[in-house]
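Numbering (our numbering), first residue to last: 759 to 899.
Mixed in with the good hints, there may be bad ones.
Stated by the list, open to error - Mimicking BS3-like on lysine-lysine, the simulated pairs with C-alpha atoms at most 25 Å apart in a straight line are: (1) K848 to K877; (2) K877 to K887; (3) K848 to K800; (4) K886 to K898; (5) K887 to K848; (6) K898 to K877; (7) K848 to K898; (8) K848 to K886; (9) K887 to K898.
Worth flagging that the hints you see were computed from the coordinates, not collected in a lab.
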Amino acid sequence: MPGNIYLYQIRGHYCFDIVVQDAEEPQGILLRGIEPALNIDKMIENRHMSGVNITNGPGKLVQALGIHSRDLDGQPMETSPLTVDLHNYKIPGEIAISARIGVNLKGKDGLSPRRFYVKGNPYVSNVKKQGMDLECHGWKG
759 MPGNIYLYQI RGHYCFDIVV QDAEEPQGIL LRGIEPALNI DKMIENRHMS GVNITNGPGK
819 LVQALGIHSR DLDGQPMETS PLTVDLHNYK IPGEIAISAR IGVNLKGKDG LSPRRFYVKG
879 NPYVSNVKKQ GMDLECHGWK G
């Protein structure tokens, strides 16, 4: 159901998707990382570290959010303890597009550009330090 949480495990780590289509056309958005704005102290406590490594990958993000099971799987975002704030948002300076990470690159879609992120944001996984915008994290103004 669109708007529901989809939790699954890969290589021993939970991943967090938000379903965006009906079951007949299964599609979701994998949250690969976030730039924390609220409850940062709790995320640091959950991850036992601070800085950009706190949420710069799908497994790290789920750990920082304190998710240790599939209890939220299938739950609508609107009734879950997690929220997506659609009112306080930032505008990216540029959206970067790349091939996915950790996917068999030899397959039909392996090199397809299906990974979208804020260029320069240090909370994005697998971004080289020289490509990071440590001043405004890739956001406009």
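Going down the list of hints, with the structure as the test:
1. K848 to K877: holds, 13 Å
2. K877 to K887: Measuring from Cα to Cα gives roughly 12 Å; hence the hint holds.
3. K848 to K800: Holds: K848 and K800 sit about 23 Å apart, inside 25 Å.
4. K886 to K898: Satisfied, since the Cα-Cα distance of roughly 21 Å is no more than 25 Å.
5. K887 to K848: holds, 22 Å
6. K898 to K877: Given that 25 Å is the threshold and the Cα spacing comes to 11 Å, the pair holds.
7. K848 to K898: holds, 7 Å
8. K848 to K886: The given pair, whose Cα atoms are some 23 Å apart, holds under the 25 Å limit.
9. K887 to K898: holds, 20 Å
In summary, the structure agrees with every hint in the numbered list given earlier.
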